Every structure is written in structure tokens, then in C-alpha cells.
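For the protein sequence lines, the chains are A and B, in the order given. Each residue of the first sequence is one higher than the last, beginning at 2 in our numbering. Each residue of the second sequence is one higher than the last, beginning at 5 in our numbering.
No lab work stands behind these hints: they were computed from the structure. Only a predicted model underlies this, so the values are computations on that prediction, with no experimental measurement involved. Where hints are given, some of them may not hold.
Computed cross-link-like contacts, DSBU-like style, restricted to lysine-lysine with a CA-CA straight-line distance of at most 30 Å [said to hold, decoys possible]:
(1) A:Lys188 x A:Lys6
(2) A:Lys469 x A:Lys169
(3) B:Lys22 x B:Lys85
(4) A:Lys19 x B:Lys35
(5) B:Lys35 x A:Lys3
(6) B:Lys11 x B:Lys197
(7) A:Lys360 x A:Lys210
(8) A:Lys6 x B:Lys199
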Amino acid sequence: MKLYKKEGNIVEILSFPKETVEKGDYLLVEDGDAGKALIVQVIDVQFASIPGILEELIRALPDGGEQIRGEDVDPLEIAPHITYIQDASLLIGRIRATMENESLCPSSSWLPSRSQSIIRKLPVPTLLKLVKMEGKFPIVLGGTKDSSLLSIDASSLDGRLNIITGKKGTGKSHLSKLLMLNLVGYKVTVVVFDLNGEYLSLGTTIDGKRNTYHDKIHVLTPAQNFRIALKQLNINVMLGILVHALHLPGTSAREFRRIWQSLKERGMLDLHELSEAIRNWNCNQHVRDALFSRYHALVNSGFFADDAAGSMLLEECLCKAKEHGGAIVVNLQNTSTVDRQIVVEYVLGKLVELLTSWKLRAVFLFAEEAHIYLRETYWDDIVTRMRHFGIFTTFITNQPDTIRDNIYRQADNIFLFNFTNEHDLDVVSRASRVDAETVRSIARDLPPHNCLVLGKVVQDFPMVVKVKALDVKTMGETRLFFKEMS
Amino acid sequence: MQNLQLKPQPLSLKPSLKETIVAAVDTSTMKIGETNTGIVIAVRGANVWKQGGNYRYTRLGPFIFHITEENKREVYNTLEKAYFGFADDYSHQGTPNLLQIPTRIANLLERWLQTMLSKTMANGLILFDGSLTSGTPDNRTQRTKEILGTARKRGNVVLAFSKMTTLRVNGHLITDFLPEHRPPCLFETVNLKSKPPTVLLGDVYVARLTRENYAFRLDIDREISHELRIEAVERLLGNDLLSQSYPETLRLAHILCTFTANEVLAMQHFITFRYGLQIVTRPDIHRLLFGPFGKGESYS
């Protein structure tokens, strides 16, 4: 390989057919005299612009597009050299760091010698050693192209905002399960909003046996084993539900607060008494109607009950998870849009309440397709305010444009699976921790289950990993018609 | 050459579908670099033939030579001996310039390929690139005569197409002189005499073989009867593709032997890789002295 060009932090390297380099590979451009080396990641592989190549190709097809047949007597065997030149490739690389005296700095301000530099492939294990990615809490994501394992440190997810995105069927949920289970293994509290019931069997192996996580996975299904008695509710959480999930106007919300306080003072906070209080409350008829309609929505959700005995309490599950680690899976499958918002509003309100009072230290929240149940204002809340409370979110989506730009800009880690749609790639490339060319070029060619890992977890050295398999029962598969038929 | 005229009445041609093999020969040479002691050149030749509606080729080379002032005579003589069994010492013609050697070596290869075709084909058409003028240092009369003789004996007809010509009628190039006549047709030249020592081994025609506005000088073996000459061109029309009045077989021969830029790179790579020969990039003195007004060095 030979260094051809450097413009800004993009280098072009001439590579010959025997040197197999692919997109995503790392190269070391060593300038022995300068005592420095550039660490370059290949973001595109092109044909080298060889003079006369067009004539060569046209010459091979002179007869109406059909290759002319003949015999070449080539006693000096020049033909392999011609092929060698014709198949030369141009590697477009982005400088990720400069290595000097075994330490790395992100600078690309120096120019290595074009004639003297030695360029070689940098194996991932060597790179990982250089960037000192080993930590106390390793999570093995899977294998890299050169058959080494890629581990990230769980602490690099701590306090961070993560996004897992890619098109359908590329392995996003699989990776989120892998991250979740590993976090649980490190005694972390994880809350999952499970839209498609994909996380319900995390405690079970593929062949249906209990796995080591079985006792740490708590599945809460609203209106079934997850119901709330009004007296367990904080007024602020209830008002959050009414205002944000059920869009109760401000005036009506004020009347509701008075009704609630009145019932609470009298120790009569249940659904029946609440209905009676609304009926008899001295207020404007429109307000009464507004309160009644929300009341019925609450009742119809089945999430609220006067007697929540036998139901699992979110707080209890969280406290259990606090001691030994655990995942609280909020099953939103088969839940209507409004009910989903009510449940999410409740869970987030409760988390903030518990975190504010330091009953919980921190929670890792995994939110699948959050745009379906998360109200507009929560997006900013989650990435700014709630982060300070200790809610560290991982968004999982196959529609990257449903996540706002400002969230991409603040994302610390992005786990990017294959996207072919230019628009989707454009959206993801707005993330501040990565350059648009890397995203566009590498993500487009990722095979299924291969993920481009970007951000702090890989110390800003983007890496492609084939996510390892998990021995957990798969749920949430698409129901197929023809599968049954065959 | 004086009083050259074109007969005003063209010879009309009708394509003949009588199945005939059409074969063509061309060679090319290229200087691929300079060393401290000389030049490195490459030579390649191609035979192309059309038979049964398909084009086939045999391509020989590239052959790479390192030519120095010291070895140029030896290289040429060795090749001539290898190709034709004997070597004429050309010292009596004056030692050729080092930069003329590539053309000389390519001509040797071309003559050898022509000889092989004339010996192996029968009742076919052999297309040469260039004229049938001989008697120049790199184009001996005797050798061309032998090629034509062998071809004739085996029922072959040699048609030599020149892409460029210097022959003029009334100050105009003969190929620019295109009287109104429906192609395909030939225009005969008269009063064409060569200047010694050059010898014309063919009669010269202007061939306008397609409707496009192109015409070429065509030399046909003068030992062949007029009828056979016309028949040969008509068989060419019926057996080869013609585009811009030029036979496809000859065009392919030219295309196949010409060196492209990436082949030159490959050969430079080969000589460095195999023999450790360092190609010297000499500064272009014209460019150095005259900047944008320097047109580069010429070897002619």
C-alpha cells in the first residue's frame, strides 16, 4: 500500500490486489523518520484511476459487445502485471488518531512521508489495546472481521444516551437484549418499554429452560399483573397522566387537584369515590364533562383499580432489582395507544419520584420505537433533565427520523445496523460523534447482524462487529401466513 | 513522384459473398522508459482474422528490450536472424539512431507476421497496415517481394491500407479528392513513379468503400491481374465489416497491438519487479526552458 493523498483528515491510499482491505478496516500509516503514525479507518474502497483503463475495457469488447476470442502469446508473462495494475484500488480513509510514543491523540495535522511511510493493516485487538478499551465491566458484543472479540465496558453506557438503529430485521432488538442482560449481570436496574412483547422470555433459554437471569426479569403487563390503586399514586404522577397522556386542559387539571386533595384528606381515594366527587363537585359543567371523560379513560384502561392486591408493584420490582440487578419489562403489547401513554407516563413519573428521593440510584431505560408512546416534551426531558436524575436511555428504532435531531447530536453511543435508504442515513449522520461519510459508506454495506459501533463505548474509533448469538427464547417474531402453510 | 493523376472514371464495386478468410497484421512499439544507459522498449504484434462470421486473434508480446548504444546492432541482428534465418548487416545504411530502433524492431516483427500469414493462408485476403512501398532501411524490397510472392502462390491477395498518405493530385491529397460517385468504388492512380531506392510493389488506388466521407490509399500487389484485384476488394466488402471505409479486421489488429497507458505502467512494474531496473524520469528540457510554450521532446 502507498500513501497517495491527504486532504484534511481524509487520506487516499493506493492498494494492490493481494492486499485485501475492506471498508471498516483500520490501517496504520507509519512514518519511521517522524516517529509517528496515523491510525486510519477505511471508509470506502474504489478502483484506482489508472490511465488507459477505459481503452483497455473497450478493447476487450470490440465485436458488438461480445468478447473477441483469441490467443495471447505472452512469453514474459506481463499479463498478470497488467491485471495487477488494473485491479489496483484506492482506499479512502479517515484519520482517527495519531500515535506517538504509544499514546494516541486525535490530531491529523501532520503529513506523513508519501515515499517512506509504511502502511499495514491494524488488527482490531491491537487497536483495542492501543485505545485501552479494557474495563472492569466488559460486555462482549460479538466478533470483528478478523475473528477477534469486541468488548465494550458497561461503564461506558453509564450516564449516556444511546441509540440502536437500523432497518427492519437487522438485529437491533437482539443487540438491545444483549446489552440489557449484560447490564443486569452487573446488578444494574433496567426498565424496558416492550412494544412487541419481544423481551418477555428473556429469562428462558431457546429450549425453554430457565436461564441465569430468570429471577431477575420482571414482566409487568398493564391491566393484568400491573395495576395501580389510586391511593398508591402521587398527585403529580396522576396529573402528568391526565395532562400529557389524556390532554386534560389546565383549568380542569386545577379542579382535579382540588378533588384529589379533598378525597385524600378524607382517606377516600378510590375510583368510586373519585367518580362521585366529580359528579358532585361544584364546578363548570364543561370542566365536569372533561373530568368525567378522563375518568372513564382511566377506568377503561384497566390499569387502575381500587384493590391492586395480587398485582406486582413497580416500586417493589425496582427495589428488588436495586439489590441484585434486574430488568423490569413493561409489556405494552396489545395495549391501546392511550393506555400505552398512560402506562409510560406513570412509569416515568414513578421513576423520577424514586430517583429524586434516592430510593433508586440509576435506571437504564430501553425504549423501543419510543415515538409511539413518548410525548413530545419527554424527548428533551429524557436526554437532559432525566439524565441528571439517573435515567440513562437507549432508544431502539427502525425509523431514525422519528428521533429528533437534537437527540442525535447529544447521543453518546450509536449502534448502527444496515440502512440502504439515503434519507435514513442522512438522519443518523447528524450525530455529533461521527462523520457523515463513515455512516453513509459503512452502514450501507453492513450485512444483517453486523453493527457499526460509534461513540464513547469504542472511544470514538468506529468498529464493525457481528453481534453474538444469545441463548434466550426469541419472541416478537413477525407472524407469517405462508410459514404455517408450508 | 511526378504527374500523379487519378482516373476520373471510378471502378464500381459489388460486394462478393464468396466465403473468404480476411486476415490482418499490425504491430506497435512503445518506449516505456529510459535508463542511465539506454531505453526500454516494448513491441507487440497481432494477427486478426475473420472466419465464419467470427473474429479471432493471435497476439504476440509484449516483448521488452533494453536497448543501448552498445547492444542495438546486436539486438537487431539477433532478431532478424531469429525471424528470417539470416541477418543483413545494415552498417552500409548507416547506424540507426537509438530512437529509431523501436520502429525497426516492430517492422521486423510485422514482416515476420506477414510472412507467416502468407505461408499459412490460402485463397484469402491479407490486409497490411501501410503501403507496399519498399526499399527503405526498415523495409527491404526483397523481403516484401518474397512475402507478396508467397501469398500469390497460395492464392492470397495482399491489400495494404494506409491511414495517412502524402500523395497529392494538383496539390490536394489523393484521399481528399472525392468525385461524386456512389461508393463502394476505387479510383486508380496513373503516372505514379517512385524515387530510387524506393520501389512500388503495388498499384495505388483510392478506396472509398462506404458512404461515410472517408477514403484511404490502397496498394494492391501489382503482379496480380486487374480482374483479380477488383474481385479481391469485392470479396473484402462481402466478408468483412467496413466502417468509415476501413476494414474491421485491420482495425482490430491495430487496437489489439496498441499499448494502453495501464499496460505501460504494468510493463514498468514488471521490469522493476523482475529485473530491478530503475526507470529514470528525465526532465523535459523543452518544458524547462520554454514553460507552457515547450511542446515536449520529439523523437522523430
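Status of the hints after comparison with the structure:
no.: 1; hint: A:Lys188 x A:Lys6; verdict: violated (50 Å)
no.: 2; hint: A:Lys469 x A:Lys169; verdict: holds (18 Å)
no.: 3; hint: B:Lys22 x B:Lys85; verdict: violated (39 Å)
no.: 4; hint: A:Lys19 x B:Lys35; verdict: holds (28 Å)
no.: 5; hint: B:Lys35 x A:Lys3; verdict: holds (26 Å)
no.: 6; hint: B:Lys11 x B:Lys197; verdict: holds (16 Å)
no.: 7; hint: A:Lys360 x A:Lys210; verdict: violated (33 Å)
no.: 8; hint: A:Lys6 x B:Lys199; verdict: violated (58 Å)
Checked against the numbered hints given earlier, the structure breaks hints 1, 3, 7, 8 and satisfies all the rest.
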